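> As a plain string of letters, each chain reads:
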Amino acid sequence: MNAAARKLILPGTIATLIVVIVLAAPILPLADVREMDIPNRFAGPSAAHWLGQDEFGRDVLARLIWGGQASLFIAVGSALAAATIGTTLGLLGGYFRGAVELLTVRAAEIILCLPPLLLALLVVTILGAGTWPLILALTILYTPNYARVVYAATQQVRGLDFVTAQRAMGTHPLTILMRTILPNVMPPLLVQMSLIVASAMVIESGLSFLGLGVVPPTPSWGLMIRAARSAMEVSPLLLVWPSLALAGTILTFNLLCDRLQSALDPRSITAGGALWLRRRTRRAAPAPVPATDQPPLLEIKELSVAAQDLELVRRVSLTVRPGETLALVGESGSGKTLTGLAMTGLLPDTLHVTGGSALYTGRGGDRIDLAALDEDAIRRLRGNEISMVFQDAAAALNPVLRIGDQVAEAISAHQTLDGAALQNRVLELLRHVGIPDPERRARANPHELSGGQRQRAMIAVAIANNPRLLIADEPTTALDPTIQAQILQLFAQLKRDTPEMGMIFVTHDLAVVAEIADRVTVMYAGEVIEEGPVAEVFSCPRHPYTAALIASVPEGGAERLVAIPGTVPSPRNMPEGCRFAPRCAFVQATCRENVPPATRPSIDRITRCFRWEEVT
Amino acid sequence: MLRYIALRSFVALFLVWVVVTIVFLLLHLIPGDPAELLLSQGSIAADPQAVAALREKMGLNDPLWQQYLSHMAGVLSGDLGASFRDGAPVIDQIALRLPRTFEVIIGAALIATGLGVPLGTWAAIRADGKADAVISFFASAALSTPVFVVGSVVILIFAQELRWLPAGGFVAFSEDPVEHLKLLLLPAGTVGLNLLAVITRMSRASVLEVLQRDYVRTARAKGLPRGEILRRHVVRNALIPVVTVLGLEMGTLIGGTVLVEFVFNWPGLSGYLVSAVDARDYPEVVGIVMTISILFVFLNLVVDVVNALLDPRISLVTT
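Each protein sequence line maps, in turn, to chains F and C.
Residue 162 in the working numbering sits at position 162 of the first sequence; the count goes up by one each step and never skips.
Residue 736 in the working numbering sits at position 120 of the second sequence; the count goes up by one each step and never skips.
Hints were generated in silico from the structure; no laboratory data involved.
Take the hints with a grain of salt, since some may be wrong.
[What the hints assert, rightly or not] Across the chosen pairs, the derived CB separations fall in these ranges:
(1) C:R701 with F:A99: 41 to 47 Å
(2) C:I722 with F:P45: 40 to 46 Å
(3) C:A757 with F:I27: 29 to 35 Å
(4) F:D376 with C:A622: 47 to 53 Å
(5) C:A757 with F:L275: 27 to 33 Å
(6) F:I9 with C:R701: 52 to 58 Å
(7) C:D744 with F:M186: 25 to 31 Å
(8) C:E844 with F:L310: 31 to 37 Å
(9) F:M169 with C:D744: 45 to 51 Å
(10) F:V215 with C:R779: 32 to 38 Å
[Unchecked claim] Which bits of chain F does chain C cover? Going by a derived footprint, with three or more residues having C-beta under 8 Å, they are:
(11) 200-206
(12) 227-237
(13) 350-359
[Claimed, not checked] Partial pick of chain C residues on the chain F-facing surface, computed with a CB cut under 7 Å:
(14) S756
(15) P762
(16) R833
(17) T834
(18) G839
(19) L840
(20) R842
(21) G871
(22) G872
(23) V893
(24) I908
Since the model is a prediction, treat every value here as computed from it, not as a measurement.
Beta carbons: idealized from backbone N, C-alpha and C, even for Gly.
Let the sequences and hints guide you as you build the complete structure.
Here it is as structure tokens:
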């Protein structure tokens, strides 16, 4: 049983208990709810009357349990009636659409134009107080809720393949509705049910409290609270018991609904919170790293990233020198994006760096281990010395802030520029990344820009503080091919303008690599399997995976494309030896048993293959 | 944007018309003669001649469509008829009592947003932690306790035991502003507690969702301080659905303060409605129900427009 289902036990048990006790009222040894005992009115708890006696000397406990029966009968009764009617309307409306939808779901929704309590009052005005008018009022009230929920669910299920298949086979619509769609819309229906029982109890008790609901002398919690109010000074406890019973029962049903929802739909629970926002104990400053003569800009050594026990990136090492562009290549799931996020401290909360270091040489020449920095320390570097361009600019820009403001805040995070100077810098940046008419675009919201312009704006944000290291995570993937070429040109231009800036270009597109990068690091299943200068790796790959990747690129003269058989192994099912072995054309027995070590075929190249000499 | 507002206004007007018509039909198709009801005193039957005269005067003998037309004409000119009980124009009573109900609702909304948004945000940041568990439980509990229970318990504690505040009643603001506000505090707080629970839960869910968005990661990648990310990027976006819910809840409350007004003897619009229902005073019931429905629909319209202003994407979708 999973955690969500376990959480159902408590409210589920209490709800069952309440229902059982209330249903058992006739067979429980309770005092007569109408038997008055005027001399003992307002008597406190005693052996015969556990919760005391009310203003007529009647037994409070008995009235509480019988009152619960009245409340639950009305609430459950109307919830069931509304469910039957509403589900029918929703199913018909959602399945047939068109005019039927107008007559069923939309018609029911008119009821939602009236405030709920008001509608109930209206019905009671017309029919008079009492149990049955109340049930009718609540049924009318909650029918549209069910109709809406079922309508939405039906529309979803209706589009699924197995329903389309049945329709195509000529199954009668009613059969499809009853046999196929109804079972599939049950989960949201159940959730709605517990919610409505709770809500109906609120309205029932409220109307009874006003004297417009359950008619005395039938006991009801609302009526008991009403009576207790006038006796508050004599016996405050009389108010407390029915209040507790009422609020407790409603709370139980509400909790049941909440937990049912998370048990039935695990997606509704989003990954919890944000660790980076919580104040954490400051980490000890990492030990200083001895400076070398000409340190690289970034040197990642044996960096590993894991989610709990699942290792997603294993012992990745790579180096970026000032002015150099490194392409990080791999299929999706190879860990290339995670490597980028790990070195900027932007990993999702569920992932952690479990080993290794990322040594970065700062503006002042000091070497810092990025993987060991706390949030505040790395924040001062982010967007300042190290910045990122993300894949999907439409999602990566805040939809409700103007472009100019989003660029401006990136500048003000690390520099003190005032109004006019800041504005000028924003326009200068937008112009620099090739956005036409920057004065106007700066005032635009992200959705008013084209995809290419949005990505240009993202780049303007990234270069706002003249970073020394730019990490571009698939910056052209979400764009049209012609726009892709323009954005690549922009990156090439940025390289020319700032020759000392290092760049990591994360991509799965080898054509892009050839165009923009100096060196290439190929990742597979969370490991670096080959590294070297772009020209050399392309002309003479030293790993079968790289060779296969190059062969799969459509080139002008290529006779045919070679696809790599199989898929990237999942982190739960990593092969024991070489991770590429199951898909490798060069595989032999030793590959399956032993992990190939990183080997250097030449001074500036690395491969992780036993048979690298035979690949090309 | 203008087209969007025009379209939504048109839908709202249509809904108002539907509601007015339904209420009219409901009250005219039900069995029972209002004239007879009005003239009968308890079990003593009314004088048939008087009933007939009254029917004529009230226009009950006209065909239904004629009654409907004159009813609609009355609604359009702001004339909601005269009360059966005292003959006073219904519209005057509504004008007198509506502001009092608004006071309670606005006070409640201020309490709820002022506390609910920070509480919900805090719970979201600490999701699955202790603070979240405590806040979420109290929100569920507050949401599950009907207002008349909260109101009664609040009177028991603050008025009877502690004697800090009066148990209920009403004094006009012009007569005694301090006493007026003191009397307002408990009803507004009682409604506010319920609304607070709604806003807290909504803010929590909304902030949790926004925290997963890419643009929050972008804001972090910019190196912005935590507070600024939270304010400009997280809470600002998370507020959009919260404002929607607040607006809808306030709409529901216009007719839903019945219980609070009853508990605290606050002479607002809803209390008027209950007494009208009790007395079967049809012109009053129709007038109040219509006023509330119109306000409800209008408020929903305002919510939609405010939403479109907060979220520039919406106007793009519909035009």
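> Now tell me, hint by hint, if it's right for this structure.
Evaluated hints:
no., hint, in the structure
1, C:R701 with F:A99: 41 to 47 Å, "45 Å, holds"
2, C:I722 with F:P45: 40 to 46 Å, "43 Å, holds"
3, C:A757 with F:I27: 29 to 35 Å, "32 Å, holds"
4, F:D376 with C:A622: 47 to 53 Å, "50 Å, holds"
5, C:A757 with F:L275: 27 to 33 Å, "28 Å, holds"
6, F:I9 with C:R701: 52 to 58 Å, "55 Å, holds"
7, C:D744 with F:M186: 25 to 31 Å, "28 Å, holds"
8, C:E844 with F:L310: 31 to 37 Å, "34 Å, holds"
9, F:M169 with C:D744: 45 to 51 Å, "47 Å, holds"
10, F:V215 with C:R779: 32 to 38 Å, "36 Å, holds"
11, 200-206, "holds (count 3)"
12, 227-237, "holds (count 5)"
13, 350-359, "violated (count 0)"
14, S756, "6 Å, holds"
15, P762, "5 Å, holds"
16, R833, "6 Å, holds"
17, T834, "5 Å, holds"
18, G839, "4 Å, holds"
19, L840, "5 Å, holds"
20, R842, "6 Å, holds"
21, G871, "3 Å, holds"
22, G872, "5 Å, holds"
23, V893, "4 Å, holds"
24, I908, "6 Å, holds"
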